[in-house]
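In the order they appear, the protein sequences are chains Y and H.
Take the first sequence: its letter number 162 is residue 161 in numbering that gives the first Met the number 0, and every next letter is one higher.
Take the second sequence: its letter number 392 is residue 391 in numbering that gives the first Met the number 0, and every next letter is one higher.
Possibly wrong hints are sitting among the right ones.
[To be verified] Here are the simulated lysine to aspartate or glutamate pairs, EDC-like style, with alpha carbons at most 20 Å apart:
| hint | chain 1 | residue 1 | chain 2 | residue 2 |
| --- | --- | --- | --- | --- |
| 1 | H | LYS367 | H | ASP310 |
| 2 | Y | LYS242 | Y | GLU165 |
| 3 | H | LYS428 | Y | ASP425 |
| 4 | Y | LYS176 | H | ASP355 |
| 5 | H | LYS428 | Y | GLU80 |
| 6 | Y | LYS256 | H | ASP310 |
| 7 | Y | LYS242 | H | GLU147 |
| 8 | Y | LYS128 | H | GLU418 |
| 9 | Y | LYS172 | H | ASP310 |
| 10 | Y | LYS439 | H | GLU418 |
| 11 | Y | LYS172 | Y | ASP132 |
| 12 | H | LYS367 | H | ASP355 |
| 13 | Y | LYS256 | H | ASP102 |
| 14 | Y | LYS176 | H | ASP310 |
[To be verified] Chain Y regions said to be covered by chain H (calculated; three or more residues, Cβ under 8 Å):
| hint | region |
| --- | --- |
| 15 | 75 to 84 |
| 16 | 124 to 134 |
| 17 | 158 to 169 |
| 18 | 403 to 409 |
[What the hints assert, rightly or not] Computed, partial: chain Y to chain H, Cβ under 10 Å:
| hint | residue |
| --- | --- |
| 19 | SER100 |
| 20 | ALA104 |
| 21 | SER108 |
By construction, these hints were calculated from the structure, which means they are not laboratory data.
Please read all numbers here as calculations on a predicted model, not as lab measurements.
Here a beta-carbon is modelled for each residue, glycine too, at the ideal position from N, C-alpha and C.
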Amino acid sequence: MKKALLILALSFTVLLAAVGCNSDNTLKIWVGSESEAFYTEKMVEYVTEYNNTHDEEFPYEVVVSGVDTGTAASTFLDDTEAGADIFTVAHDNLGKLIAGSSSIAPITSAALLAQIDADNPDSFKDVIKGTVDGTTYTFGIPYIAQSLVLYYNTSYITAEQAETWEGILAAAKAANKQALSLTGTDGFNNSFLLLATDATDHSTSLELYTDGVQENCFATGDDTIAKLKWGQSFFLDANGAKKPSESGWEVEISDEKSISVIGGAWHFSAAQAALGENLGITTLPTFTLTEDDAYGTAVAGTVYKSGSFADTKMFVMKKNSERAEYLEDILLFLSSTAVQEESFEAVQNLPAYKNAATEFEAFQEDTLEADLASAQVEMFSWGIPQPFGFSSRFNTYFYSKGAPELILAILENAENAYSTDQDIYDQMVEIQSIWTTGLKLE
Amino acid sequence: MNNEDNADKKGFLSAFHKFFNKIKELFVAFAKRFKDASTGTKISHFVMGFGNIKHKQILKGIIFFIVQLGFISLMVFSPEINATPFGSKSLVNLITLGTEAGDISNPTDNSMLMLLFGIVTIGMILLFVMTYFASIRSSYKADLDIREGKLPTTFKQDLQALLDERFHIAMLTPALIGILVFTLLPTIFMISIAFTNFDSLHPAGQVLFDWVGFENFVNVFNGTGEIGHRFLPVLGWTILWAFLATFSNYIGGILLALLINRKGVKGKKVWRTIFIVTIALPQFITLLAMRNLMADYGPINTFMVNIGLIDEPINFLANAASPWVARITIVVINIWIGVPFTMLMTSGILMNVPRDLYEAAQIDGATKRQAFRYITIPYVVFVTTPYLITSFIGNITNFNIIFLLTGGAPNVPGYIAGETDLLITWLYKLTIDQNEYNLGAVVGILTFIITATATLLTYTRSKSFKEEDAFQ
Numbered sequence: 000m001k002k003a004l005l006i007l008a009l010s011f012t013v014l015l016a017a018v019g020c021n022s023d024n025t026l027k028i029w030v031g032s033e034s035e036a037f038y039t040e041k042m043v044e045y046v047t048e049y050n051n052t053h054d055e056e057f058p059y060e061v062v063v064s065g066v067d068t069g070t071a072a073s074t075f076l077d078d079t080e081a082g083a084d085i086f087t088v089a090h091d092n093l094g095k096l097i098a099g100s101s102s103i104a105p106i107t108s109a110a111l112l113a114q115i116d117a118d119n120p121d122s123f124k125d126v127i128k129g130t131v132d133g134t135t136y137t138f139g140i141p142y143i144a145q146s147l148v149l150y151y152n153t154s155y156i157t158a159e160q161a162e163t164w165e166g167i168l169a170a171a172k173a174a175n176k177q178a179l180s181l182t183g184t185d186g187f188n189n190s191f192l193l194l195a196t197d198a199t200d201h202s203t204s205l206e207l208y209t210d211g212v213q214e215n216c217f218a219t220g221d222d223t224i225a226k227l228k229w230g231q232s233f234f235l236d237a238n239g240a241k242k243p244s245e246s247g248w249e250v251e252i253s254d255e256k257s258i259s260v261i262g263g264a265w266h267f268s269a270a271q272a273a274l275g276e277n278l279g280i281t282t283l284p285t286f287t288l289t290e291d292d293a294y295g296t297a298v299a300g301t302v303y304k305s306g307s308f309a310d311t312k313m314f315v316m317k318k319n320s321e322r323a324e325y326l327e328d329i330l331l332f333l334s335s336t337a338v339q340e341e342s343f344e345a346v347q348n349l350p351a352y353k354n355a356a357t358e359f360e361a362f363q364e365d366t367l368e369a370d371l372a373s374a375q376v377e378m379f380s381w382g383i384p385q386p387f388g389f390s391s392r393f394n395t396y397f398y399s400k401g402a403p404e405l406i407l408a409i410l411e412n413a414e415n416a417y418s419t420d421q422d423i424y425d426q427m428v429e430i431q432s433i434w435t436t437g438l439k440l441e
Numbered sequence: 000m001n002n003e004d005n006a007d008k009k010g011f012l013s014a015f016h017k018f019f020n021k022i023k024e025l026f027v028a029f030a031k032r033f034k035d036a037s038t039g040t041k042i043s044h045f046v047m048g049f050g051n052i053k054h055k056q057i058l059k060g061i062i063f064f065i066v067q068l069g070f071i072s073l074m075v076f077s078p079e080i081n082a083t084p085f086g087s088k089s090l091v092n093l094i095t096l097g098t099e100a101g102d103i104s105n106p107t108d109n110s111m112l113m114l115l116f117g118i119v120t121i122g123m124i125l126l127f128v129m130t131y132f133a134s135i136r137s138s139y140k141a142d143l144d145i146r147e148g149k150l151p152t153t154f155k156q157d158l159q160a161l162l163d164e165r166f167h168i169a170m171l172t173p174a175l176i177g178i179l180v181f182t183l184l185p186t187i188f189m190i191s192i193a194f195t196n197f198d199s200l201h202p203a204g205q206v207l208f209d210w211v212g213f214e215n216f217v218n219v220f221n222g223t224g225e226i227g228h229r230f231l232p233v234l235g236w237t238i239l240w241a242f243l244a245t246f247s248n249y250i251g252g253i254l255l256a257l258l259i260n261r262k263g264v265k266g267k268k269v270w271r272t273i274f275i276v277t278i279a280l281p282q283f284i285t286l287l288a289m290r291n292l293m294a295d296y297g298p299i300n301t302f303m304v305n306i307g308l309i310d311e312p313i314n315f316l317a318n319a320a321s322p323w324v325a326r327i328t329i330v331v332i333n334i335w336i337g338v339p340f341t342m343l344m345t346s347g348i349l350m351n352v353p354r355d356l357y358e359a360a361q362i363d364g365a366t367k368r369q370a371f372r373y374i375t376i377p378y379v380v381f382v383t384t385p386y387l388i389t390s391f392i393g394n395i396t397n398f399n400i401i402f403l404l405t406g407g408a409p410n411v412p413g414y415i416a417g418e419t420d421l422l423i424t425w426l427y428k429l430t431i432d433q434n435e436y437n438l439g440a441v442v443g444i445l446t447f448i449i450t451a452t453a454t455l456l457t458y459t460r461s462k463s464f465k466e467e468d469a470f471q
């Protein structure tokens with residue numbers, strides 16, 4: 000036993016020594032896995048330029064690593080000391096990153112703040128800011144944008160039919176197919192209904208955490224109820240929409256069970272694999288309220304354009320990084336319009352730059368990638384960024400507390416429990432309670 | 000006060016008395032040894048390894064001294080790891096779990112690391128105390144060797160002993176270290192978290208969290224929040240699932256083994272091989288294949304639609320209209336996966352039932368049915384009882400089948416735990432998806448209590464335990 004204790008004691012001594020000797024001379028950058036090679040190349044360019052224009056060499060070895068951008072924030076928070084100096088996250092992760100005293104640093108460089116202000120749409124400028132201890136700071140630098148679009152099978156749906164859900168439904172009935180597949184049942188996937196806005200003036204009564212205030216949610220407006228009534232008829236139609244099957248949307252589309260799907264840029268490859276030459280891409284369609292759908296002030300004949308969450312991926316910086324003095328200049332370069340355009344050409348990252356559609360040459364080409372980019376850019380005017388960057392819990396309340404299931408229950412009229420306007424209204428009151436408190440009404 | 004209370008009080012006092020006597024004996028032995036020891040060993044009580052060095056056990060003495068020096072340095076200087084102090088300061092931090100709330104420019108105390116380092120420091124103190132007594136014993140043993148006219152052992156001899164009469168120590172040490180670092184430490188850490196408010200509102204390093212006593216446990220039973228509403232339904236399904244999964248596999252496996260081992264069945268080896276092949280496939284591949292087979296547009300639904308048995312595909316799993324459809328489907332898939340394993344094990348057992356038992360029964364005039372009822376069944380049950388218990392416990396914590404087949408769905412609106420979630424998959428969602436670490440820890444502790452209680456109760460009442468030497 001004595002020996003065992005001896006070995007144990009020595010092991011801890013060695014461990015402590017090893018930990019004490021830990022130091023490195025690297026500046027770490029995390030980007031999306033698909034962009035690793037591109038940004039590695041860009042950082043080589045940056046360091047070369049730095050060395051040519053400064054008296055001293057760039058003091059750190061730059062290591063660019065590809066990560067899953069969906070989990071990068073959580074990975075960083077698991078061990079912030081080991082986390083990257085610069086990393087990429089979707090803007091809706093901002094809340095968890097700045098909770099409490101924040102684990103990321105605010106941007107202070109006037110040049111970088113000016114570039115952010117000049118290059119980005121206003122909707123992005125709002126969601127990259129956060130409040131810590133009562134003061135609002137800018138934390139993120141947008142460089143990629145993304146929104147939902149419609150992928151459809153051109154052998155069943157014409158471009159004209161794809162402009163309205165009614166046209167798509169008619170095409171589906173003609174072929175006895177399912178009109179629409181969804182890629183999931185979460186809150187992201189029902190946004191095409193909830194976020195739909197009046198096609199003439201973009202108006203909607205729906206509120207989702209307006210101004211970053213948890214209580215500022217409103218889901219019981221006349222137009223919202225009417226849209227859900229329309230959605231219910233769309234879902235209950237034998238050829239309408241259905242929630243995702245256990246086979247998955249890819250099978251539904253490739254086996255031609257269904258003829259369209261709502262998805263983001265990250266679904267593009269799978270949609271292309273499923274439909275091949277028959278793949279068409281366009282903005283999300285419109286729908287028109289019928290007499291049956293009308294509710295209160297939302298009258299029959301009103302046309303709504305399906306909405307989308309229009310999000311951005313942004314770079315953020317680790318708080319108290321030892322390399323802090325170099326980070327903002329790097330970000331000025333990585334988020335520049337020139338690098339964003341190159342990024343689109345190299346790895347099809349949709350730029351966050353607000354004038355990309357008109358100024359970037361790659362957008363003018365006759366390719367599916369250009370169609371996807373154009374459709375996404377157009378959807379930005381019909382969408383809002385996911386308003387969940389403000390708090391660490393908003394995401395949870397919107398996505399994981401059962402609210403999406405309650406909305407789906409309305410659309411499917413589960414157990415005929417949502418057959419009347421009052422039933423739908425009551426359910427939306429319940430959903431509103433979850434959004435604002437995380438709890439169902441007792 | 001009745002007699003029972005008096006007996007309880009006496010029993011408690013007796014145990015209390017025994018405990019303090021034991022402590023007293025330790026101190027007396029310590030004092031006695033100190034008095035009897037050489038000067039070098041006496042100094043070892045203050046400077047570890049001094050006695051060994053005095054007895055020319057230089058290397059051993061230096062190692063003990065370095066350990067003492069290292070430990071004192073650690074406690075005095077409290078070096079920082081990830082900006083969190085280790086050593087004596089971590090003991091204070093273990094109580095406060097941090098005081099600096101931080102701001103936009105300054106870091107927040109990392110309560111999670113403070114909790115971890117505090118526990119590790121306590122462990123290191125215990126190890127140091129054990130090493131301290133080991134150093135004194137080592138020096139005192141050298142004293143005794145010298146008194147008996149023997150030479151104290153050299154470092155080389157000590158090392159050789161580790162490969163000879165103390166070989167078990169050399170072999171067990173890595174395992175012991177592994178258990179301490181990878182099992183005991185995380186377990187104590189996890190138990191500690193259950194008594195804090197470490198959740199998604201208190202992310203480590205950004206917001207301080209604190210001790211909350213038994214609040215999280217109280218919430219389980221007072222119907223508050225997710226854990227209060229969903230614990231009992233999830234627990235009920237977990238136990239029902241474990242029961243159904245275990246016994247359906249067990250009975251199915253035995254019946255299949257009996258069928259294959261029947262006299263007159265041709266190609267026994269072929270049948271066994273076919274079932275072994277199903278075991279050879281990794282379980283998660285089988286599960287994913289089964290999920291695809293049973294999907295809405297999978298082969299089973301397509302076949303049933305094509306032959307006109309049903310008009311619309313049936314949702315068997317996550318999208319099932321009723322939770323019981325999903326639950327029954329899971330149990331059936333589990334039979335497909337588990338029965339071959341039980342069949343294989345039971346086949347081996349059946350082939351090893353002592354032949355003389357059957358011969359004796361035959362001489363006594365027993366029928367085949369009686370021999371089966373009174374020899375085969377008891378023998379198989381006797382041998383497989385420990386398997387049955389471990390299988391039951393394994394099914395309580397059977398993460399793969401639920402996670403891969405349904406992910407816990409059908410969902411229950413308003414809650415994280417779905418209709419087919421087991422305690423273990425719920426725990427996963429609470430911690431990995433929702434960062435509700437304190438609730439996850441509570442579920443983990445309660446799962447342990449349930450499994451440990453079930454194991455102890457069933458095993459200690461089984462014949463395998465009571466009649467260990469039967470059938471020998």
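Comparing the hints with the structure gives:
1. Between the alpha carbons of LYS367/H and ASP310/H the distance comes to roughly 49 Å, so the proposed pair goes past 20 Å and is violated.
2. Distance hint between LYS242/Y and GLU165/Y is fulfilled; the C-alpha atoms sit about 18 Å from each other, no more than 20 Å.
3. Between LYS428/H and ASP425/Y the alpha-carbon distance is near 29 Å, which puts this suggested pair outside the 20 Å criterion.
4. Distance hint between LYS176/Y and ASP355/H is unfulfilled; the C-alpha atoms sit about 69 Å from each other, more than 20 Å.
5. Straight-line distance between C-alpha atoms of LYS428/H and GLU80/Y comes to about 26 Å, which puts the hinted pair past the 20 Å bound.
6. Straight-line distance between C-alpha atoms of LYS256/Y and ASP310/H comes to about 15 Å, which keeps the hinted pair within the 20 Å bound.
7. Under the criterion of a C-alpha separation no larger than 20 Å, the hint pairing LYS242/Y with GLU147/H is inconsistent with the structure, at around 86 Å.
8. Taken as a hint, the LYS128/Y and GLU418/H pair is broken in the structure, with Cα atoms around 39 Å apart against an allowance of 20 Å.
9. Proximity of LYS172/Y to ASP310/H is assessed by CA-CA distance (about 18 Å); at most 20 Å being required, the pair is judged to hold.
10. At most 20 Å may separate the alpha-carbon atoms for a hinted pair to count; LYS439/Y and GLU418/H meet this at roughly 18 Å.
11. Straight-line distance between C-alpha atoms of LYS172/Y and ASP132/Y comes to about 56 Å, which puts the hinted pair past the 20 Å bound.
12. Pair hint LYS367/H plus ASP355/H holds up; C-alpha atoms about 14 Å apart against a cutoff of 20 Å.
13. Restraint check for LYS256/Y and ASP102/H: the C-alpha separation of about 55 Å exceeds 20 Å, so the hint is violated.
14. Between LYS176/Y and ASP310/H, the direct Cα distance comes to roughly 15 Å. Compliance with the 20 Å bound is thereby established for this hinted pair.
15. Interface restraint, the region 75 to 84 of chain Y with chain H: holds (4 residues with C-beta to C-beta distance below 8 Å; minimum three).
16. Under a criterion of three residues with beta carbons nearer than 8 Å to beta carbons of chain H, the stated coverage of the region 124 to 134 of chain Y is upheld, 3 such residues being counted.
17. Three residues within the 8 Å Cβ limit are the bar, and the region 158 to 169 of chain Y against chain H gives 0, so the coverage statement is violated.
18. Three residues within the 8 Å Cβ limit are the bar, and the region 403 to 409 of chain Y against chain H gives 3, so the coverage statement holds.
19. Restraint check, SER100/Y versus chain H: the minimum CB separation of about 3 Å is within 10 Å; hint holds.
20. A hinted interface residue such as ALA104/Y counts as satisfied when its beta carbon comes closer than 10 Å to some beta carbon of chain H; here the least separation is about 8 Å, so the hint holds.
21. Against a cut-off of 10 Å between C-beta atoms, the interface hint on SER108/Y is violated, since the closest Cβ of chain H lies about 16 Å away.
Checked against the numbered hints above, the structure breaks hints 1, 3, 4, 5, 7, 8, 11, 13, 17, 21 and satisfies the rest.
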